[in-house]
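A.B. asks: Start from the sequences, fold in the hints, and give me the full structure.
Line by line, the protein sequences are chains Z and S.
Counting from 1, position 186 in the first sequence corresponds to residue 253 in this note's numbering; the numbering is continuous, with no gaps.
Counting from 1, position 168 in the second sequence corresponds to residue 173 in this note's numbering; the numbering is continuous, with no gaps.
Hints should not be assumed to be uniformly reliable.
No more than 27 Å apart at the CA atoms, straight line, and that leaves these computed lysine-lysine pairs for DSSO-like [to be verified]:
(1) Lys241/Z <-> Lys70/Z
(2) Lys260/Z <-> Lys95/S
(3) Lys135/Z <-> Lys206/S
(4) Lys260/Z <-> Lys91/S
(5) Lys202/S <-> Lys378/Z
(6) Lys74/S <-> Lys378/Z
(7) Lys202/S <-> Lys391/Z
Honestly, the hints are just simulated from the structure, not real lab data.
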Amino acid sequence: MEKITGAEALMRSLLNEGVETLFGYPGGAIMPVYDALYDYTDRLNHILVRHEQGAVHAAQGYARVSGKVGCAIVTSGPGATNTITGVADAMIDSTPMVVICGQVGVAMLGTDAFQEVDVVNVTNPISKWSYQIRRAEDVAWAVSRAFYIARTGRPGPVVLDFAKNAQTGMVEYKPEKVDFIRSYQPIPTMDVKAIEEAAYLINHADRPLLLAGQGIELGNAHQELLNLIEKADIPVGCTLLGLSDLPSDHPLNVGMLGMHGNLGPNVQTNQCDLLIAVGMRFDDRVTGNLNTYAKQAKIIHFDIDPSEINKNVKVDLAVLGDCKQTLAAVTEKVHKIKHTAWVDSFKPYAKEEYEKVIDKAIHPKEGPLLMAEVIRKVSEASNNEAILVTDVGQNQMFGCRYFKFTKAHSVVTSGGCGTMGFGLPAAIGATFGAPERTVCLFVGDGGLQMTIQELGTIMEQKSPVKIILLNNNFLGNVRQWQAMFFNHRYSFTPMDNPDFELIAKAYDIPAATVTEREKLDEEIEKMLTTEGPYLLQCGVLEEDNILPMTPPGANVDEMILEI
Amino acid sequence: MKQNDCNKCGKCKDKAEKDLSLCEHLYTILIYSENVPGLLSQISAIFTRRQVNIETLNVCASSTPGVHKYTVVCCCTESMVIMLTKQIEKRIDVLQARYYTDDEIFINETSLLKIATPIMLEDARVSEAIREHNARIIEVNPTYATAEKTGSTEEILSLYNTLNAMGAVLQFVRSGRICITKSKAEHLDEFIARREKERGK
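C.D. replies: See the structure below:
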C-alpha cells in the first residue's frame, strides 16, 4: 500500500469529513501541512487570514451560518495562542469548530523549544476535546474523532495539536470514520415520562412563556418549535443567539430576552405560570437576579447537555435530548388551546416600549444619525433576509434589537464570551458559509480596530461583506456604563480615530461615509447593490444609550426605559 | 477533619436544620475513565474553577481492563457536588462519575509513621498506643521504627495525634481514601454493557 506523509493524511482526512473551506495562517511548525495543502487547493479552499484570531472567528462565522464544522489551521506557539479567544468563544457559544495547530516534534516536547507552547493543557478547560497527534498513524483517527466530537451533541471546539514529526512521518493511509465513543453519549436518551410530564404542565398552564435559545438553531428544530407554540398558543422570547429561531414578525414572537432585550418577555418572565426553556442556558445576562427570577412559575428545561440542568436556575422538570425530537414528542401530547388574554397581555408592554424607546430610536426627527435607525433601514433594505453579524458592544445590542429576521441561521454574534473584534472575521467566514446570502456586519470603531487587519483578507478574497461601521468615536457600551454607574467619568472610552474610509480604500474596498439622515437610504442602497465588499461609515450620535436596560444584578422585570 | 462531616459550615451538628443545598458535607466522587493521558488535569481543573478543594485523591487501574478509577474526596454542598459530577462526566473520555456519602461506601485509608526508637524505648506509652490502635510495626532499627496503620481517617489521625503529643513522630504520611460501594448494582458494568449494545446503531 502506498505511503503518504502525516500532513497529506490530514488533507485526505479533512476531505473525508467533507471539509471544503479552511481558514489559516502558515508558520514553522505547520509547514509540512501547508506543503501538502499546495497539492490539494483544487479540493480544499484555504483562506489566508491576516492574524490567527481572524482564522478562528472566520471558522466560527462559517459554522454558524452553514451548520457545518468550521476549520482553522495555524502554527505552533503564538499561532496557537492567538486562537485561544476564538476557542473560548466557540466553547461558550457551542460552535462546532476544529482548530489544527502545529507543534514541535515529540523529541523536543517539554524542552522549551522554539515556538513550543503546551497547547493541549492551555486549551483543555476551554475546548470540548484537546488532543496531541504524536504519530502519523494517528492522523486519520484523530481527525475523524475531532469532527465527530465537534459536531455532535452540544457542539463545541476541538483542538488538534499536530506534532511536526507526525506531519512528516510516513503512513499507509486508511480512511477512518469515528461515529461512536463509548464514554461519550452526545444525545441523552429521551425519557418518555418527562415528555408526558412536560405535556401535562403545558396543558395545565394558563400563562406559558417559552424561552428559545440557540439549541433550536443547532438542532434545526425551527419547524418543531413552530408546531408546538402554534398548537398550544405559547408566546416566545428569544435569546441573543436564538433570535432567528422563528421569524421576527411571527405573532407569538414577543421579542428578545435579556439585559437589553424587549420589555414584554422580560417583565412577563416574572408573571408567567410556566416557563419553558429550550436550548438555552439561563445566562446571567438573561436572568438578572436569580433570587427573584421566575419564582412564581413552574420551569421546564429542554436541553441536550445534562450539566446545564439546575446549573443557574433550579427547574421543576428537565427534558433531556435533542430538541428536534423532544419538542416533536411533546407537541403530539399537548392540547390545541388558546391563551388569547395572555398573549394579548404582551401588547401593552410592546406599546410602552415602542413609544418610550423604539419610535425615538428608529424615527428621530433631528440630530445626528442613530445606530438603531441605520440598523433598521439596512434590515428593511435587505428585505429582512440578510445575515446579521455584529461585533460586541452597543452595535451588537442595537443590531440584535433592530435587525429583523425571516430566515433561520441569520445571527452571528459573540454571545457568552462577548469578544470585541469578533465581527469582521466572523462576517468573512459567514460569506463562505452562506455564499448565496447577503452578510451585513455592524461594528463599532473600537471593535473594528481590534481585527482591522482582516480587511486584507476581504481584499484578497473579494468577500462580499457589507461593513456598516457605526462610528461614535467612543467605546460606546463602556461609556454608557460609566455614565450610568460611574458618575460620567469617561475613563479611556473616547477614541481618536483614523480615516476609516481611507483605510478601506487602501484595501481596495469601496467605501462611503454618511452623516446626514436624508442621504442614508441612498447610501444603504448603494452599499447593497455594489457587488463585493463595501464599507459604509455612519457617523452616529456620540453619546447614545442602548435601552431598555436591566441593570446588572437587578430583577428581570426591573427594566429601565429612560434615563 | 471528621469522618462523617467536615464541620466547615457548622450546620451539620443540628440535624433538624440540615439543608443539603446549604450544608457542606464530605463527598466521595468515583470517576471511571478511559486510560488516556491528561485526564487528571481536566478533572482537577473542574474543581479549581468551582473553588472546591480536593481533600484526598487516589488514581489507579480499575477492575475493568483499560478503565482507570479516580477516587476524589471533597467537601462542598450537595448541589455543588452534583454540578461537579456532571461537569466531570461531560469530559469526552470520562465513562462515569457518581458521588457518594460515607454511609454508601466502604472506606479505607492507610498511613505510615516513622517513630524515633529512643523515645519509643524511653516512653512505654508509645508502644502501648501502637498496640491499642492495632498498628503494625514493619521495621525497627536503633534510630527509628516504621509503623503502618490502616483504617478510617479518624483512627489514623487518633494514632498520629497520640504519638505526636509524645514527640515520637519523625515522619507521617496518610494515603488518599479508597473505597468500594455498598450498592448491589455495578453501575459501571451496566453503563459499559449498555454502551456496547449501542455501538454501531
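A.B. asks: If a hint holds in the structure, say so; if it doesn't, say that too.
C.D. replies: Hint check results:
1. Proximity of Lys241/Z to Lys70/Z is assessed by CA-CA distance (about 10 Å); at most 27 Å being required, the pair is judged to hold.
2. Restraint check for Lys260/Z and Lys95/S: satisfied, since their Cα atoms lie roughly 24 Å apart, inside the 27 Å limit.
3. Between the alpha carbons of Lys135/Z and Lys206/S the distance comes to roughly 23 Å, so the proposed pair stays at or under 27 Å and holds.
4. For the proposed pair Lys260/Z and Lys91/S, the alpha carbon gap of about 22 Å is at most 27 Å, so the pair holds.
5. Restraint check: the Cα-Cα separation between Lys202/S and Lys378/Z comes to about 31 Å, which exceeds 27 Å; the hinted pair is violated.
6. In summary, the hint linking Lys74/S to Lys378/Z is supported, as the alpha carbons are separated by about 26 Å, within the 27 Å threshold.
7. The straight-line distance between the Cα atoms of Lys202/S and Lys391/Z is roughly 24 Å, inside the 27 Å bound, and the hint therefore holds.
When held up to the earlier numbered hints, the structure conflicts with hint 5 and nothing else.
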